[in-house]
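So you can see what is in the structure, the chains are spelled out below.
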Amino acid sequence: MQMHSKKRIEIIVEAPVLNRLTDLLDRLDATGYTVVPVLGGRGRGGSWSREGLATEAGRMVMVIVVTGEERLDAILTPVFGLVTRQIGIVTVSDVMVMRPEHF
Amino acid sequence: MSGVELAIQNLTSPMVLFFALGAFAALVRSDLTIPEAVAKTLALYLMLSIGFKGGVEVAKSGIDATMVLTIAASIVLSFAIPVIGYTLLRATTRLSAVDAAAVSAHYGSISIVTFVAATEVVRSLGLTFEGYLIAVAAVMETPAIVSALLLARRGSRQEGGKTDEGESMPALLREVAFNGSVVMLVGSFVIGWISGERGMAMIAPFVVDPFRGILCLFLLDMGLVAGRGLRQSGKVLTPPALAFGIYFPLISATLAGLFCLMLDLSVGGAALLITLAASASYIAVPAAMRLALPQANPALYLSLSLGVTFPFNLTLGIPLYVWMAETVAG
Chain A
0 MQMHSKKRIE IIVEAPVLNR LTDLLDRLDA TGYTVVPVLG GRGRGGSWSR
50 EGLATEAGRM VMVIVVTGEE RLDAILTPVF GLVTRQIGIV TVSDVMVMRP
100 EHF
Chain B
0 MSGVELAIQN LTSPMVLFFA LGAFAALVRS DLTIPEAVAK TLALYLMLSI
50 GFKGGVEVAK SGIDATMVLT IAASIVLSFA IPVIGYTLLR ATTRLSAVDA
100 AAVSAHYGSI SIVTFVAATE VVRSLGLTFE GYLIAVAAVM ETPAIVSALL
150 LARRGSRQEG GKTDEGESMP ALLREVAFNG SVVMLVGSFV IGWISGERGM
200 AMIAPFVVDP FRGILCLFLL DMGLVAGRGL RQSGKVLTPP ALAFGIYFPL
250 ISATLAGLFC LMLDLSVGGA ALLITLAASA SYIAVPAAMR LALPQANPAL
300 YLSLSLGVTF PFNLTLGIPL YVWMAETVAG
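Protein chains in written order, with numbering that gives the first Met the number 0: chain A, 0 to 102; chain B, 0 to 329.
Don't read these hints as lab results, they were simulated from the structure. Since this is a predicted model, take the numbers as computed values, not measurements. One or more of the hints may lead you astray.
Computed beta-carbon distance windows for the label pairs [to be verified]:
hint : chain 1 : residue 1 : chain 2 : residue 2 : range
1    : B       : Y246      : A       : G40       : 49 to 59 Å
2    : A       : G80       : B       : L43       : 31 to 41 Å
3    : A       : G42       : B       : T40       : 26 to 36 Å
4    : A       : L27       : B       : L43       : 43 to 53 Å
No residue lacks a Cβ here, since even glycine has one placed at the ideal position from N, Cα and C.
Chain B extracted, bound-state conformation (with noise of 0.2 Å):
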């Protein structure tokens, strides 16, 4: 399938359609919301779901050398990825040390909404991928702050300054690693790798059927949370913080296929490493910048990740790195 013909079949899909209609009504001002509960208990079933279905995946094709250095590897990508951004924030923008660190955090990191909207696609094309990326998804949430907050502390230095930092890193690491999303992810991974296909046989009704609807209704509510931060972007960023929403997942999708090209990944598997080094978190890296960089301004990096960057990869993003994982592992 051509990259067009990708990004079309994506457009036209039920998924990002709802997205759109969220964004829509955020943008229109529109009174419809979702109950913060409802969306809460939403997204835990898309974690439950999801981790479940790699575990069983892993039980079924068993641990091997690949899944060690795609693991390895997500860790090198979770770490360079601030680097270059930070480098790139610095150079085309007027942002403080601080907040471009800040923001290059949110971009070594991963949004785990997009990788599962990616595995939809995915499936939908009739692709598999290995299940250990649910794994790789987990491991790379974290090493992208340790590398944002020395970042952030070398530029503090070289602007004479200091970083007001609130938290010890351990502390800050142990509440990323063990935040929500994560340990319903990787407890369910691990609860579907034990179970195997038994389990799946015995909850299958409520993990593999409903996961469609569901995700249509989740994204409905991203998407009113993405217009209201598309919103907010226009009064926080300058053209050129705004562009690196853009072409900064791009140049990140491009070293992560870099990478794939050492790797033996599938094409699903590929294309979901790919997305997940261009995806850019807005739940768990948030909270961590507020606590170890209190002095960066929140609007700027929860709009640039959330107002840009989401509503970008879930749209066109993602078609592009089925397609590049197409030439890079096909």
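The shape of chain A in the complex, shown without the other chains (with noise of 0.2 Å):
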């Protein structure tokens, strides 16, 4: 089967972020994303978990973009400026996708 290469970007930011973030997107005009919440982790600051939080502000969501290597930069430079002050990660790979044409 014929396999395509695409950038993967992988955003992990506090949950109140999440609408800014994928107005953003869609302002970028990104072909899509995927938006999945996260359980719990350990970071800089210890572990952490979804389970018993009352407010939004501990929760994190993982964000996911799959796009071409020519638009990785635009958007990656403004999803950088939002995310940049919160606590979270974000990591870009290498990925195939079967359909080019979708992102």
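Two independent chains are provided; combine them into the complex using the hints.
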């Protein structure tokens, strides 16, 4: 089967920022994204868990964007501008997709 | 009833005992949990019930000058409390200007769950309260955030830095003013006001009868949340910050008590206004602070408002505030 190279941007960020991030991705004409709840983890500030939080403030979400390399900087630069102040992680990896016209 | 009797009655109520059970379960790391969706549904039910009942009360009693004055006083309180809190935190702890401002925003805003619990204590004592205090609770959510952001800006300039503000003030205030709990509370209040006693007769079996049982289940969940916050608080709070979580609600309550001397509120109404002033937000304001002051430490303000002040208010604070209300409004 023929596969095509794309870039996968993974943004793990605080839940209160989610709407702003997805609004930004909409404005940037990202062809699509997926939002996933994050259950828990451990970072510089120690362990945390989604369970038993009364507020969105302690929750994290993951936003996944798959895009062509030619659009990577156009998406990453403003995204970085938004999330750089917040707790979170941004990673970029190489992936293969079956239907390149979707990205 | 004396202050001690009030405290004993409150501590032995099923609501507080279920809260204690939840806190105990969290402290011994039990796997007892309330699913997130259920907890959200319980919270929505409580907002609906308390809002609707408040609206029906206003439909019966109508609007008067005391209502306007009480709302005006609540706005002043919500603006003023963060200023006092910030000053005390800066004087007694080593918190940065931004952390102190973020913490003080929580104390100027309100905890709707503490308010709901206080209405139940007031009712159990056979006292009534003005229905428009529901609107007062909604009004007090936001002014504290404005106050705290101004304090953070000023404090950071004095420290030679600048606040890394991610949000414009209007966008942030719109978000807090229209957060889910406020929309549900105020919306139910308006529906109760419009439909009045006829509406109450139609849905009383839903909004009145199950209220206490559902509050018990919700407080069990809050106990679990607060217990986890309490576990965390030892790691992030210094003794002066921990003490702030106990003594500052008493200062806010005293300030609100002084306002009550000038307002013509009933004892129940005064107890609720004092409770609102003494409570600290842990739902709307933390999310707003993550957007407005992202450099402030969230573990600090969440541990303090949820792990220290909320349990204190629920167990000892509310009876004390009722006693204060009897003194200033009785």
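For each hint, the structure was consulted:
1. B:Y246 / A:G40: 49 to 59 Å: The hinted range 49 to 59 Å is violated for Y246 of chain B and G40 of chain A, with Cβ atoms some 35 Å apart.
2. A:G80 / B:L43: 31 to 41 Å: 35 Å, holds
3. A:G42 / B:T40: 26 to 36 Å: 31 Å, holds
4. A:L27 / B:L43: 43 to 53 Å: 34 Å, violated
Violated hints, in rising order: 1 and 4; the structure is consistent with all others.
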